[in-house]
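**Student:** Each residue of the sequence shown is one higher than the last, beginning at 1 in the UniProt record's numbering.
Check before you lean on any hint, since a few could be wrong.
[As the list claims (entries may be wrong)] The list that follows gives simulated cross-link-like pairs (lysine to aspartate or glutamate, EDC-like), each with its CA atoms no further than 20 Å apart: (1) Lys209 - Glu11; (2) Lys209 - Glu196; (3) Lys209 - Asp102.
Read the hints as simulated data drawn from the structure, not as lab findings. All values derive from a computational prediction rather than experimental measurement.
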Amino acid sequence: MSRSFDELVAEAEAVSVDGWDFSWLDGRATEQRPSWGYQRAMGARVARASAVLDLETGGGEVLAGSTPTLAPLTVATESWPPNLAKATRLLHPLGAAVVATDDTSPLPFADQAFDLVVSRHPVTTRWSEIARVLRHGGCYFSQQVGPASVFEIVEFFLGPQSERVRNIRHPDAARREAEAAGLIVADLRSESLRTEFFDIGAVVYFLRKVVWMVPGFTVDQYRDRLRELHELIQTEGPFVAHTARFLIEARKPPIGTVGTN
1 MSRSFDELVA EAEAVSVDGW DFSWLDGRAT EQRPSWGYQR AMGARVARAS AVLDLETGGG
61 EVLAGSTPTL APLTVATESW PPNLAKATRL LHPLGAAVVA TDDTSPLPFA DQAFDLVVSR
121 HPVTTRWSEI ARVLRHGGCY FSQQVGPASV FEIVEFFLGP QSERVRNIRH PDAARREAEA
181 AGLIVADLRS ESLRTEFFDI GAVVYFLRKV VWMVPGFTVD QYRDRLRELH ELIQTEGPFV
241 AHTARFLIEA RKPPIGTVGT N
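With the hints as constraints, model all of the structure from the sequences given.
**Tutor:** See the structure below:
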(Lines of atoms letter the chains of each structure in order from A and count residues from 1; the text may use other names and numbers.)
(Lines give C-alpha, C1' and ligand atoms only; values in the text may rest on other atoms or scores of the structure.)
Protein backbone atom coordinates (compact mmCIF):
# COMPACT_ATOMS: atom_id res chain seq x y z
CA MET A 1 0.00 0.00 0.00
CA SER A 2 1.48 3.31 -1.08
CA ARG A 3 2.03 5.99 1.52
CA SER A 4 0.12 9.26 1.37
CA PHE A 5 1.50 12.62 0.32
CA ASP A 6 1.17 13.98 3.86
CA GLU A 7 3.01 11.00 5.38
CA LEU A 8 5.90 11.21 2.95
CA VAL A 9 6.29 14.97 3.32
CA ALA A 10 6.05 14.89 7.13
CA GLU A 11 8.75 12.24 7.32
CA ALA A 12 11.10 14.18 5.02
CA GLU A 13 10.51 17.39 6.97
CA ALA A 14 11.38 15.75 10.28
CA VAL A 15 14.68 14.07 9.35
CA SER A 16 17.99 15.82 10.02
CA VAL A 17 19.81 17.29 7.01
CA ASP A 18 23.10 17.91 8.83
CA GLY A 19 26.30 16.78 7.17
CA TRP A 20 26.79 15.68 3.59
CA ASP A 21 25.60 12.09 3.89
CA PHE A 22 22.71 11.25 1.57
CA SER A 23 22.11 7.70 2.84
CA TRP A 24 18.56 8.63 3.89
CA LEU A 25 17.73 8.58 0.18
CA ASP A 26 18.71 4.91 -0.22
CA GLY A 27 15.78 3.21 -1.93
CA ARG A 28 14.05 6.57 -2.50
CA ALA A 29 16.33 8.16 -5.10
CA THR A 30 19.27 7.15 -7.26
CA GLU A 31 22.09 9.18 -8.76
CA GLN A 32 24.46 7.84 -11.36
CA ARG A 33 28.05 8.32 -10.23
CA PRO A 34 30.79 9.97 -12.31
CA SER A 35 33.10 7.51 -14.00
CA TRP A 36 36.25 8.96 -12.41
CA GLY A 37 35.40 7.87 -8.82
CA TYR A 38 36.29 11.06 -6.99
CA GLN A 39 36.61 9.76 -3.42
CA ARG A 40 38.88 6.90 -4.49
CA ALA A 41 41.05 9.19 -6.64
CA MET A 42 41.16 11.76 -3.85
CA GLY A 43 42.23 9.08 -1.37
CA ALA A 44 45.15 8.05 -3.56
CA ARG A 45 46.37 11.65 -3.58
CA VAL A 46 45.83 12.10 0.17
CA ALA A 47 47.88 8.97 0.85
CA ARG A 48 50.86 10.47 -1.02
CA ALA A 49 50.60 13.96 0.49
CA SER A 50 52.27 15.40 3.56
CA ALA A 51 49.92 18.35 4.18
CA VAL A 52 46.28 18.29 3.04
CA LEU A 53 43.52 20.90 3.19
CA ASP A 54 39.90 19.84 2.60
CA LEU A 55 37.81 22.91 1.84
CA GLU A 56 34.08 22.91 2.65
CA THR A 57 34.31 19.43 4.13
CA GLY A 58 30.60 19.25 5.02
CA GLY A 59 30.31 16.64 7.74
CA GLY A 60 33.77 15.28 6.91
CA GLU A 61 32.40 12.09 5.38
CA VAL A 62 34.26 12.27 2.06
CA LEU A 63 37.65 12.96 3.64
CA ALA A 64 37.18 10.35 6.37
CA GLY A 65 36.26 7.66 3.84
CA SER A 66 38.92 8.51 1.28
CA THR A 67 41.85 6.58 2.77
CA PRO A 68 42.60 4.45 5.86
CA THR A 69 45.36 6.87 6.93
CA LEU A 70 45.20 10.63 6.52
CA ALA A 71 48.23 12.77 5.72
CA PRO A 72 50.49 13.70 8.68
CA LEU A 73 49.02 17.21 8.56
CA THR A 74 45.34 17.23 7.58
CA VAL A 75 43.05 20.21 8.02
CA ALA A 76 39.40 20.58 7.02
CA THR A 77 37.35 23.78 6.86
CA GLU A 78 33.61 24.24 7.16
CA SER A 79 31.30 27.23 7.67
CA TRP A 80 27.89 25.79 8.58
CA PRO A 81 27.73 25.16 12.36
CA PRO A 82 25.81 21.82 12.25
CA ASN A 83 28.27 20.45 9.70
CA LEU A 84 31.19 21.88 11.66
CA ALA A 85 30.17 19.96 14.77
CA LYS A 86 29.64 16.75 12.82
CA ALA A 87 32.97 17.05 11.00
CA THR A 88 34.77 17.67 14.28
CA ARG A 89 33.31 14.53 15.83
CA LEU A 90 34.23 12.44 12.79
CA LEU A 91 37.65 13.84 11.86
CA HIS A 92 39.30 14.64 15.19
CA PRO A 93 39.72 10.94 16.11
CA LEU A 94 41.45 10.45 12.74
CA GLY A 95 44.00 13.17 13.52
CA ALA A 96 42.54 15.94 11.36
CA ALA A 97 41.98 19.48 12.59
CA VAL A 98 38.66 21.14 11.74
CA VAL A 99 38.62 24.92 11.34
CA ALA A 100 35.60 27.22 11.15
CA THR A 101 35.76 29.58 8.18
CA ASP A 102 33.42 31.71 6.11
CA ASP A 103 33.11 32.16 2.37
CA THR A 104 34.58 35.66 2.17
CA SER A 105 37.55 36.00 4.54
CA PRO A 106 41.04 34.87 3.53
CA LEU A 107 41.84 31.29 4.46
CA PRO A 108 43.49 31.27 7.92
CA PHE A 109 46.63 29.52 6.71
CA ALA A 110 50.12 30.63 5.72
CA ASP A 111 51.31 30.88 2.14
CA GLN A 112 52.40 27.53 0.68
CA ALA A 113 51.11 25.57 3.69
CA PHE A 114 49.72 22.56 1.78
CA ASP A 115 50.84 20.30 -1.02
CA LEU A 116 47.27 19.10 -1.67
CA VAL A 117 43.98 21.00 -1.50
CA VAL A 118 40.78 19.05 -2.12
CA SER A 119 37.10 19.91 -2.18
CA ARG A 120 34.01 17.96 -3.16
CA HIS A 121 31.09 20.09 -4.34
CA PRO A 122 32.27 23.46 -3.02
CA VAL A 123 29.72 26.26 -2.97
CA THR A 124 32.44 28.69 -4.04
CA THR A 125 35.96 28.16 -5.33
CA ARG A 126 38.33 30.92 -4.24
CA TRP A 127 41.08 30.33 -6.73
CA SER A 128 43.43 33.07 -5.53
CA GLU A 129 43.35 31.72 -1.97
CA ILE A 130 43.83 28.15 -3.16
CA ALA A 131 46.86 29.22 -5.20
CA ARG A 132 48.24 31.13 -2.22
CA VAL A 133 48.13 28.23 0.26
CA LEU A 134 49.42 25.64 -2.23
CA ARG A 135 53.09 24.83 -2.28
CA HIS A 136 54.90 25.09 -5.60
CA GLY A 137 54.27 21.80 -7.36
CA GLY A 138 51.15 21.24 -5.24
CA CYS A 139 47.72 20.25 -6.54
CA TYR A 140 44.09 21.29 -6.20
CA PHE A 141 41.77 18.32 -6.85
CA SER A 142 38.03 18.88 -6.84
CA GLN A 143 34.73 17.44 -8.02
CA GLN A 144 32.22 20.20 -8.60
CA VAL A 145 28.58 20.68 -9.49
CA GLY A 146 28.32 21.73 -13.12
CA PRO A 147 25.88 24.02 -14.95
CA ALA A 148 22.10 23.46 -14.83
CA SER A 149 22.51 20.48 -12.51
CA VAL A 150 19.18 18.85 -11.57
CA PHE A 151 17.44 21.77 -13.26
CA GLU A 152 14.45 19.58 -14.04
CA ILE A 153 13.66 19.90 -10.31
CA VAL A 154 14.63 23.58 -10.15
CA GLU A 155 12.47 24.53 -13.11
CA PHE A 156 9.53 22.45 -11.87
CA PHE A 157 9.34 24.78 -8.87
CA LEU A 158 10.81 28.04 -10.21
CA GLY A 159 9.92 27.92 -13.90
CA PRO A 160 12.29 28.25 -16.88
CA GLN A 161 15.69 29.71 -16.04
CA SER A 162 17.69 32.10 -18.21
CA GLU A 163 20.71 30.97 -20.21
CA ARG A 164 22.90 33.02 -17.88
CA VAL A 165 21.63 31.09 -14.86
CA ARG A 166 21.84 27.79 -16.70
CA ASN A 167 25.53 28.40 -17.47
CA ILE A 168 26.65 29.29 -13.95
CA ARG A 169 29.37 26.93 -12.68
CA HIS A 170 30.54 26.02 -16.17
CA PRO A 171 33.81 24.02 -16.27
CA ASP A 172 35.23 26.38 -18.91
CA ALA A 173 34.85 29.24 -16.43
CA ALA A 174 36.65 27.17 -13.78
CA ARG A 175 39.55 26.68 -16.17
CA ARG A 176 39.80 30.41 -16.89
CA GLU A 177 39.66 31.31 -13.18
CA ALA A 178 42.26 28.69 -12.23
CA GLU A 179 44.65 29.92 -14.91
CA ALA A 180 44.07 33.54 -13.91
CA ALA A 181 45.19 32.59 -10.39
CA GLY A 182 48.44 31.19 -11.80
CA LEU A 183 47.53 27.50 -11.75
CA ILE A 184 47.96 25.00 -14.59
CA VAL A 185 44.88 22.87 -15.32
CA ALA A 186 46.11 19.30 -15.69
CA ASP A 187 42.69 17.62 -15.98
CA LEU A 188 39.18 18.87 -16.67
CA ARG A 189 36.27 16.60 -17.58
CA SER A 190 32.52 16.68 -17.17
CA GLU A 191 29.57 14.28 -17.26
CA SER A 192 25.78 14.44 -17.25
CA LEU A 193 24.35 11.77 -14.94
CA ARG A 194 20.86 10.36 -14.58
CA THR A 195 19.08 11.03 -11.28
CA GLU A 196 15.69 9.58 -10.26
CA PHE A 197 13.37 10.52 -7.39
CA PHE A 198 10.98 7.71 -6.45
CA ASP A 199 8.74 9.59 -4.02
CA ILE A 200 7.95 13.14 -2.96
CA GLY A 201 9.73 12.65 0.36
CA ALA A 202 13.00 12.27 -1.52
CA VAL A 203 12.37 15.57 -3.31
CA VAL A 204 11.60 17.39 -0.04
CA TYR A 205 14.69 15.99 1.63
CA PHE A 206 16.88 16.91 -1.35
CA LEU A 207 15.61 20.50 -1.46
CA ARG A 208 16.01 20.91 2.31
CA LYS A 209 19.59 19.64 2.15
CA VAL A 210 20.81 21.25 -1.08
CA VAL A 211 19.51 24.67 -0.15
CA TRP A 212 20.73 26.57 -3.22
CA MET A 213 18.58 24.54 -5.64
CA VAL A 214 15.34 26.33 -4.72
CA PRO A 215 16.46 29.19 -2.44
CA GLY A 216 14.25 29.64 0.61
CA PHE A 217 12.44 26.35 -0.03
CA THR A 218 9.81 25.40 2.53
CA VAL A 219 7.09 22.80 2.31
CA ASP A 220 4.42 25.35 3.22
CA GLN A 221 5.43 27.69 0.40
CA TYR A 222 5.50 24.96 -2.25
CA ARG A 223 2.88 22.54 -0.91
CA ASP A 224 0.58 22.80 -3.96
CA ARG A 225 3.44 22.25 -6.38
CA LEU A 226 4.77 19.38 -4.27
CA ARG A 227 1.36 17.74 -4.37
CA GLU A 228 1.33 18.04 -8.17
CA LEU A 229 4.74 16.39 -8.35
CA HIS A 230 3.61 13.64 -5.97
CA GLU A 231 0.68 12.85 -8.24
CA LEU A 232 2.98 12.92 -11.28
CA ILE A 233 5.31 10.37 -9.67
CA GLN A 234 2.34 8.22 -8.63
CA THR A 235 0.99 8.06 -12.17
CA GLU A 236 4.12 8.19 -14.35
CA GLY A 237 6.87 6.74 -12.18
CA PRO A 238 10.15 8.25 -10.94
CA PHE A 239 10.87 11.90 -11.65
CA VAL A 240 13.99 11.96 -13.82
CA ALA A 241 16.58 14.73 -13.66
CA HIS A 242 20.19 15.06 -14.77
CA THR A 243 23.08 15.90 -12.49
CA ALA A 244 26.04 17.83 -13.93
CA ARG A 245 29.46 17.10 -12.47
CA PHE A 246 32.97 18.10 -13.46
CA LEU A 247 36.40 17.11 -12.21
CA ILE A 248 39.22 19.62 -12.15
CA GLU A 249 42.86 19.11 -11.21
CA ALA A 250 45.00 22.22 -11.18
CA ARG A 251 48.67 22.44 -10.22
CA LYS A 252 50.81 25.26 -8.91
CA PRO A 253 53.92 25.45 -11.08
CA PRO A 254 57.18 24.35 -9.46
CA ILE A 255 59.70 27.02 -8.50
CA GLY A 256 61.73 27.99 -11.52
CA THR A 257 58.86 27.58 -13.97
CA VAL A 258 58.29 30.62 -16.16
CA GLY A 259 55.84 32.97 -14.44
CA THR A 260 56.55 31.75 -10.88
CA ASN A 261 58.51 33.36 -8.07
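**Student:** If a hint holds in the structure, say so; if it does not, say that too.
**Tutor:** Hints versus structure:
no. : hint            : result
1   : Lys209 - Glu11  : 14 Å, holds
2   : Lys209 - Glu196 : 16 Å, holds
3   : Lys209 - Asp102 : 19 Å, holds
Checked against the numbered hints given earlier, this structure breaks none of them.
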